[in-house]
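Asks: Residue-level listing of the chains:
Number of protein chains: 2
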Amino acid sequence: MVEKVLICLDLARYAQTSSSNLPEPSGPTVHTEIPGPRSKQLFKDLNDIQQAGAVQIFANYDKSVGNYLVDVDGNVLLDVYTQISSIPLGYNHPDLLGAFSKEHTLKSLINRPALGVFPGEDWPKKLRDVLLKVAPHGLPDIMTMMCGSCSNENAIKNLFIAYQRKKRGDTRDFSAEEKQSCMINLPPGSPKLSILSFHGAFHGRTLGVLSTTHSKAIHKLDIPAFDWPIAHFPSYKYPLSEYIRENEKEDEKCLAEVEELIEKYEKKGIPVAGIIVEPIQAEGGDNEGSPSFFQKLQQIAKKNGVGLLIDEVQTGGGATGKMWCHEHFDLKSPPDIVTFSKKMQLGGFYHTADMKPPHAYRIFNTWMGDPGKLIILEEVLNVIRRDNLLDNVTKVGHKLKSGLEELQNEFPNLINSVRGRGTFLALNATDDKLRDNIVATLRQQGVQTGGCGEKSVRLRPALIFQDRHADIFLDKFRQVLQKLK
Amino acid sequence: MVEKVLICLDLARYAQTSSSNLPEPSGPTVHTEIPGPRSKQLFKDLNDIQQAGAVQIFANYDKSVGNYLVDVDGNVLLDVYTQISSIPLGYNHPDLLGAFSKEHTLKSLINRPALGVFPGEDWPKKLRDVLLKVAPHGLPDIMTMMCGSCSNENAIKNLFIAYQRKKRGDTRDFSAEEKQSCMINLPPGSPKLSILSFHGAFHGRTLGVLSTTHSKAIHKLDIPAFDWPIAHFPSYKYPLSEYIRENEKEDEKCLAEVEELIEKYEKKGIPVAGIIVEPIQAEGGDNEGSPSFFQKLQQIAKKNGVGLLIDEVQTGGGATGKMWCHEHFDLKSPPDIVTFSKKMQLGGFYHTADMKPPHAYRIFNTWMGDPGKLIILEEVLNVIRRDNLLDNVTKVGHKLKSGLEELQNEFPNLINSVRGRGTFLALNATDDKLRDNIVATLRQQGVQTGGCGEKSVRLRPALIFQDRHADIFLDKFRQVLQKLK
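Chains as they are written, first to last, in the UniProt record's numbering: chain A, 1 to 485; chain B, 1 to 485.
Next comes chain A alone, as it looks inside the complex:
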């Protein structure tokens, strides 16, 4: 009886639709102050039942489409921020609306299993066909999770487990002392080990990864933290082509600090088991590291027997023009772990065969991801391939970056340091107040962007962002800079 549930989705009208010709408005339209009266009213309502101070506007997701976010006051915004970089194909993409039109996918969504204990019949194949098909080179293993924080939490647990396993040797099992002491949070079972992170990094807000996050004080105040080493991440001068030597020196300085800290924490009795790093520090200000920086960082990690975890939660999923940003770095060998979430719809991490824990229940929780999200991701990746969206990102990104470079030449007293890869782009305002002003004024002109770091504006358009959207953005941005100069 249950077998015969019938679902039909009338998508015939979309037969001619691809990601480049969604039924979008021709441009943004704003007719109230933003946030408008309806958003303000809803804010009161929400803030009454939770601390809602981070809310910017309330949206109408039924009316939003493609690159356009429609708010509850009827304003239509060109979305160059996409829900903190988490919407790969814009709003209401027809392929995603059709994702649950089959009985099997709907049932997979509704019957969410404990995937680590009772996975569905198609789960191994789905992992291969969807997630492993886009795996970074050399990382054959895949763990699924729910979100970015828990992906990084579990990935650093994996680093600790691998580090201790190597130290212990494969032949020896856990000692009785280890088993007893860990139950009361004491060494040797709960060892003094650390993860090296970078100033300006963001890896999430749960207590483990919060000790590796150093982007804004408001994230960290009042929360206990581990004594783990923090190195400086390169801070480059722009344009890169004019400051080659200075920036190389910057790399060397940061890498030397990494080595010093590894030594220091070894002596301190809290050895470094792993390094966690973003390919581009996103929340911390879209700070880039050069390919050479990452290559040498990997060498240092290898030399010291320390795992290397590349956090692609924000950079992964195509926005840099490659599926994974670290693929731009030409690393000599794969990183040990790569984490993802956001555009990938669910969290998780890829890892080398070496990282696989020998015992069950080491990296585990009730849900271990969500088949419903993998179904959406499958559609997303199919569309990325079908519509050549990585090429699109590279092409549009080039146009967007050139346009921004023109603007920084035109308004050098307002903006500088245009940077990034693909459409994963950013620039600095000359100070934080101006940055806030730029973001707010752009929004009032119908363009939603986001701030990051102290004084940066970040662009995070969807992968379906086209030349015409770049033109609108650059045009509006020029108007705003004219106004603010």
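I should point out that these hints are in silico values taken from the structure, not numbers from a laboratory. If you're wondering where the values come from, they're calculated on a predicted model, not measured in any experiment. Possibly wrong hints are sitting among the right ones.
Unchecked claim - For each label pair, taking beta carbons as the anchor points, the in silico distance ranges come out as:
# : chain 1 : residue 1 : chain 2 : residue 2 : range
1 : B       : 184       : A       : 137       : 31 to 37 Å
2 : B       : 263       : A       : 361       : 31 to 37 Å
3 : A       : 169       : B       : 179       : 41 to 47 Å
4 : B       : 45        : A       : 267       : 41 to 47 Å
Note that CB positions come from ideal geometry on N, CA and C, so glycine has one too.
Fit chain B to the given chain A structure using the hints.
Replies: Here is chain B on its own, set in the frame of chain A:
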């Protein structure tokens, strides 16, 4: 154009269906060894790409229905474990299959927003109509999350924030020193504070809450932990009615230890900011605490200015016959925070108005929950009300517990200590090997249960478990005990 997507779901055939008469098989059927050949083959496939050692069987979720889980070898199991207690209405409940048949709900699922920044128009109303409608008494505020671990992580962050706020006083803002020191993980910005937990507790596996989890060594080995105090949780003698005085003494002993530890950690310079506790310690062995224990624990917390967090991730959602297990305890005032996940479909926590952080971005992440899961939860709660499932749980739970008590009298050398509330029940085997044997033999007889603690068997049927399912379970269990005696 996008507005007119048409979806139709033929649920007419279900017009006469309620949770008590789903189109289920008449009983379990097993015709292969479990795991069967197809499960074993799929296991190899999955284990090739991840550490899959915790997998028991692969399931066919299209064919599973109501209280019956169908595996890939065609075995039909009566499911008394329900995906580690996370499936409230069994498999393929018609009301859940219909949850996304409306354009609006489908679009809410597909366009998952960053809820903390751009919530949808109906989000405040949904939170009120769905989550706040079943809020524990006296807890008017609600934060949504993705899973149990991150709910507890964020809830303990909230305890730390509230503790420091009280210490700092409402008038003083963060100091420059606090803002700078937290960025490098040092006090006073990252203060030395602790959360008191209990031996045998399980609150999740990310690094913060893992320091409060003490159920099994395999969860904790090799992972660094915070130096936080751990008290003993009551360990009662059964039947409770025969050991009243002994169990009262046990309560007093544990409560005295809590007070000692609060004092000890205050002196140690790591003051206790909060206590985290399960109403029934689930993973740790279904250990109960009496109402009096919890009442006095709350008094101690209040006396010492320490927050009380009740973790209802496994106990919440109706399985004890009340929506929240701590409602059985008749507490003098509401706990400060109550966390949930599992049966609730998404994670989150309720809290008192006092716990509300004054600043934005304190408890925050990209997704802050998932509207798609709230839509499923809305259907779940509607069905719970419509079909009187809490009453059903109380009634069937009574029958099930009486039956188990008969069995423990019949087989005193095999099982004892039958306990629990509603259908959230457990018993002990005389040792761990027998326990494992009972769980495996029951499964081979067509009944899926789960182990917990050292030697306990736990029952976690769905809320739609009926008298007839209890009869089947008790009958099979008697057969298994006969066999093993």
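Asks: Determine which of the earlier numbered hints do not hold for this structure and return their numbers in increasing order.
Replies: Structure breaks no hint.
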